[in-house]
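Participant: Residue-level listing of the chains:
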Amino acid sequence: MTLFLALLGIALLLASCQSKDDVPVHQPTAYTIEIPFGFPTELNIPDDNPMTVEGVTLGRYLFYDGRLSGRTHADSLMSCYSCHRQERSFEAGIDHPDFPGGYPHGLSGKHTHHVMLPLINLVWNHSGYGWNGSVYKDNVNAEYRNIEDIVRMAVMAEDEMFGDTSRVVALFNQLPAYKQLFQDAFGNPEVSFRNIERAIAQFVRTLVSANSRFDKYIRGELQLTQQELNGYVLFTTEEGADCFHCHGGYGNPLFTTHLFYNNAKDSIFDDPKDRFAISADPMDHGAYKATTLRNIEVQAPFMHDGRFKTLEEVIIFYSVDLVQSNSVDPLMHHIHTGGVRLTEQEMSDLLAFIRCLRDDEFMTNEAFSRPQVLPDSDTSY
Amino acid sequence: MRRIIIAVLSILIIASCTKEDHKETDKTARLSLRFDHLNQGQSLLVDSLMYINAANNLYLVSEIQYFISDVSLYKNGETHLLDSWKDIHYVDTDLPYTWDWELKDSIPSGTYDSLSVVFGINETKNQSLMFVNPPESLMFWPEYLGGGYHYLKLNGKWKDEDDVLRPYNYHLGIGQLYDETGGDPIGFVQNYFTVTLVNESFEFPEAGILKLKVDMDVDQWFVNPEIFDFNQWGGDIMQKQDAMAMAVNNGSTVFNAHWVSD
Numbered sequence: 001m002t003l004f005l006a007l008l009g010i011a012l013l014l015a016s017c018q019s020k021d022d023v024p025v026h027q028p029t030a031y032t033i034e035i036p037f038g039f040p041t042e043l044n045i046p047d048d049n050p051m052t053v054e055g056v057t058l059g060r061y062l063f064y065d066g067r068l069s070g071r072t073h074a075d076s077l078m079s080c081y082s083c084h085r086q087e088r089s090f091e092a093g094i095d096h097p098d099f100p101g102g103y104p105h106g107l108s109g110k111h112t113h114h115v116m117l118p119l120i121n122l123v124w125n126h127s128g129y130g131w132n133g134s135v136y137k138d139n140v141n142a143e144y145r146n147i148e149d150i151v152r153m154a155v156m157a158e159d160e161m162f163g164d165t166s167r168v169v170a171l172f173n174q175l176p177a178y179k180q181l182f183q184d185a186f187g188n189p190e191v192s193f194r195n196i197e198r199a200i201a202q203f204v205r206t207l208v209s210a211n212s213r214f215d216k217y218i219r220g221e222l223q224l225t226q227q228e229l230n231g232y233v234l235f236t237t238e239e240g241a242d243c244f245h246c247h248g249g250y251g252n253p254l255f256t257t258h259l260f261y262n263n264a265k266d267s268i269f270d271d272p273k274d275r276f277a278i279s280a281d282p283m284d285h286g287a288y289k290a291t292t293l294r295n296i297e298v299q300a301p302f303m304h305d306g307r308f309k310t311l312e313e314v315i316i317f318y319s320v321d322l323v324q325s326n327s328v329d330p331l332m333h334h335i336h337t338g339g340v341r342l343t344e345q346e347m348s349d350l351l352a353f354i355r356c357l358r359d360d361e362f363m364t365n366e367a368f369s370r371p372q373v374l375p376d377s378d379t380s381y
Numbered sequence: 001m002r003r004i005i006i007a008v009l010s011i012l013i014i015a016s017c018t019k020e021d022h023k024e025t026d027k028t029a030r031l032s033l034r035f036d037h038l039n040q041g042q043s044l045l046v047d048s049l050m051y052i053n054a055a056n057n058l059y060l061v062s063e064i065q066y067f068i069s070d071v072s073l074y075k076n077g078e079t080h081l082l083d084s085w086k087d088i089h090y091v092d093t094d095l096p097y098t099w100d101w102e103l104k105d106s107i108p109s110g111t112y113d114s115l116s117v118v119f120g121i122n123e124t125k126n127q128s129l130m131f132v133n134p135p136e137s138l139m140f141w142p143e144y145l146g147g148g149y150h151y152l153k154l155n156g157k158w159k160d161e162d163d164v165l166r167p168y169n170y171h172l173g174i175g176q177l178y179d180e181t182g183g184d185p186i187g188f189v190q191n192y193f194t195v196t197l198v199n200e201s202f203e204f205p206e207a208g209i210l211k212l213k214v215d216m217d218v219d220q221w222f223v224n225p226e227i228f229d230f231n232q233w234g235g236d237i238m239q240k241q242d243a244m245a246m247a248v249n250n251g252s253t254v255f256n257a258h259w260v261s262d
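Keeping their order, the protein sequence lines are chains A and X. Residue numbering for the first sequence follows the working numbering, beginning at 1 and increasing consecutively. Residue numbering for the second sequence follows the working numbering, beginning at 1 and increasing consecutively.
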């Protein structure tokens with residue numbers, strides 16, 4: 001009897017083990033972001049959306065798939081890529097074929113409120129996304145906190161995809177190859193909009209640019225030209241062009257602080273979407289995010305409203321055209337002379353340095369590029 | 001043989017327990033610093049054009065960011081550097097979490113003679129890229145100007161002689177020496193300095209946390225012993241060693257500290 005009970009016990013134990021093995025275990029492959037030399041080690045990756053190889057793969061497909069608008073007709077397709085072009089550091093660029101001058105509009109025809117910001121090194125942005133930082137980690141409104149939320153906002157916004165998340169989900173749930181990709185990424189073939197947000201956000205977080213001539217210079221891989229070095233000195237000195245406090249340098253190779261400044265463009269502030277709209281601080285009237293200067297050469301037009309078409313215009317503005325106002329940032333201490341007063345040669349040197357922040361490897365990296373074939377696609381979406 | 005081994009092991013275990021017990025009976029406490037910012041003895045109001053310095057400049061203060069390092073206790077001629085956890089602390093008027101620094105060092109109870117800190121970072125520790133994450137990384141001091149980090153960023157505005165509101169950046173860090181050609185720097189000056197926060201004997205308790213409130217009176221940067229006139233120096237000083245030397249001289253009277261209880 002004892003032997004019988006023991007055997008029964010062992011049999012039950014084995015049966016329970018067998019039952020456990022039957023449950024499919026979802027084990028995606030962790031994706032690790034390599035930290036480039038000098039870059040911050042703290043990444044903005046939400047706890048509920050860890051990076052995985054499968055998630056990034058899915059996100060890349062979705063990023064480039066025009067069906068993200070929830071539509072399939074050729075005239076009403078729109079994807080993230082429709083505006084965020086790799087060859088323009090993932091913003092539109094002044095030469096965009098559909099958005100003359102680099103002023104994007106949505107499927108409704110409505111223009112975006114501001115010109116675009118590039119999708120570059122955003123995994124190191126902790127202080128808010130967008131020109132005024134309206135999407136930020138500690139937002140009391142949990143629907144406006146991170147890149148995941150920006151995906152939803154872009155799909156729904158009248159000046160972007162003008163879509164409907166339910167329709168998008170219904171469409172992608174009809175696509176078997178995508179369902180397998182969702183299974184691989186999230187352990188569930190059922191498409192949800194939350195997982196669409198997660199996948200695209202994961203892909204966007206992989207868009208790391210750290211191979212410009214300047215990066216190679218600080219890693220000791222090449223020497224800059226004398227003109228570029230002259231420009232570097234101007235960039236990082238108060239008596240020169242005084243760019244570094246807001247736009248970084250060797251000690252802050254992101255080339256932005258990700259903070260918000262009134263950089264003395266105007267004296268009248270009537271934009272309902274400036275930084276003041278978020279902070280309610282009167283000193284933030286006319287303040288906007290300091291953009292990264294990485295790849296800035298290909299990101300015209302410049303400033304939140306795209307008022308400058310060339311980098312030369314921007315440099316002239318900072319040199320002689322600053323405008324006084326009560327909310328101008330204290331860092332604009334050259335304002336009493338209209339700007340930093342660079343000579344023609346200095347402007348040329350500064351421009352040479354700024355151009356060495358261009359990262360062509362980033363803008364041609366196949367891992368970030370449009371896939372040759374999209375899932376469940378017999379045509380170009 | 002087995003008995004001998006067991007006996008030796010037992011002795012070793014007991015000895016280690018004794019040591020632990022001894023550790024636990026050490027009388028130690030910890031130190032915490034609370035930073036606050038004043039102007040002419042009153043709580044600082046940022047972005048308020050209401051302060052007049054000794055040079056008669058009407059000015060406002062927008063933000064203050066700085067590094068404090070090397071907290072040291074002095075006792076019977078010996079110096080005890082409190083650096084077992086971290087030795088450099090960043091303070092930012094916009095970031096409340098930076099206003100408190102609770103040091104992790106266990107400090108033996110007893111009477112101490114004085115306490116000092118370094119304003120800024122000494123040349124051994126002030127190495128570029130030692131902070132790669134913001135907000136500390138945003139304090140970097142350009143390589144061309146000496147590298148490392150700003151010791152201080154004090155930003156605001158003042159009314160100039162033409163009654164125009166002008167920005168100022170009172171930034172302190174490594175200074176440069178230039179020759180008469182005005183070319184590249186020919187040398188650098190370490191502008192960090194030691195501030196004695198407590199200069200009378202005090203008791204560290206046998207347990208708990210001793211709290212020191214450290215007040216920076218911003219106006220003192222512009223007076224005592226040297227009067228700093230914005231109209232003379234303009235809106236920037238980080239490439240003006242003479243102006244930074246004045247900041248160093250004035251810096252020792254900028255802080256007042258006193259012990260506080262909960």
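No lab work stands behind these hints: they were computed from the structure. Every residue gets a Cβ at the ideal spot worked out from N, C-alpha and C, and that includes glycine. Don't take each hint at face value.
[Claimed, not checked] Some, not all, of what chain A presents toward chain X, calculated at C-beta under 7 Å:
1) Glu34
2) Gly38
3) Pro40
4) Pro50
5) Leu229
6) Val233
7) Thr236
8) Glu238
9) Phe244
10) Gly249
11) Gly251
12) Asn252
13) Met283
14) His333
15) His336
[Claimed, not checked] SDA-like mimics (lysine to any residue), calculated; alpha carbons at most 20 Å apart, straight line:
16) X:Lys86 x A:Asp271
17) X:Lys213 x X:Leu58
18) A:Lys137 x X:Leu95
[Claimed, not checked] Derived Cβ-Cβ restraints for the label pairs, each shown as a range:
19) X:Pro96 x A:Leu43: 38 to 48 Å
20) X:Trp259 x A:Asn188: 52 to 62 Å
21) A:Glu313 x X:Phe193: 36 to 46 Å
22) A:Asp47 x X:Asn122: 30 to 40 Å
23) X:Ile186 x A:Phe37: 28 to 38 Å
24) A:Glu312 x X:Leu49: 34 to 44 Å
Participant: Would you mind marking each hint as holding or not holding in the structure?
Facilitator: Outcome of the hint check:
no.: 1; hint: Glu34; result: violated, 14 Å
no.: 2; hint: Gly38; result: holds, 6 Å
no.: 3; hint: Pro40; result: holds, 4 Å
no.: 4; hint: Pro50; result: violated, 20 Å
no.: 5; hint: Leu229; result: violated, 10 Å
no.: 6; hint: Val233; result: holds, 5 Å
no.: 7; hint: Thr236; result: holds, 4 Å
no.: 8; hint: Glu238; result: holds, 5 Å
no.: 9; hint: Phe244; result: holds, 6 Å
no.: 10; hint: Gly249; result: holds, 6 Å
no.: 11; hint: Gly251; result: holds, 2 Å
no.: 12; hint: Asn252; result: holds, 5 Å
no.: 13; hint: Met283; result: holds, 5 Å
no.: 14; hint: His333; result: holds, 3 Å
no.: 15; hint: His336; result: holds, 5 Å
no.: 16; hint: X:Lys86 x A:Asp271; result: violated, 44 Å
no.: 17; hint: X:Lys213 x X:Leu58; result: violated, 28 Å
no.: 18; hint: A:Lys137 x X:Leu95; result: holds, 16 Å
no.: 19; hint: X:Pro96 x A:Leu43: 38 to 48 Å; result: violated, 24 Å
no.: 20; hint: X:Trp259 x A:Asn188: 52 to 62 Å; result: holds, 59 Å
no.: 21; hint: A:Glu313 x X:Phe193: 36 to 46 Å; result: holds, 44 Å
no.: 22; hint: A:Asp47 x X:Asn122: 30 to 40 Å; result: holds, 38 Å
no.: 23; hint: X:Ile186 x A:Phe37: 28 to 38 Å; result: holds, 29 Å
no.: 24; hint: A:Glu312 x X:Leu49: 34 to 44 Å; result: holds, 36 Å
When each numbered hint is compared with the structure, violations occur for hints 1, 4, 5, 16, 17, 19.
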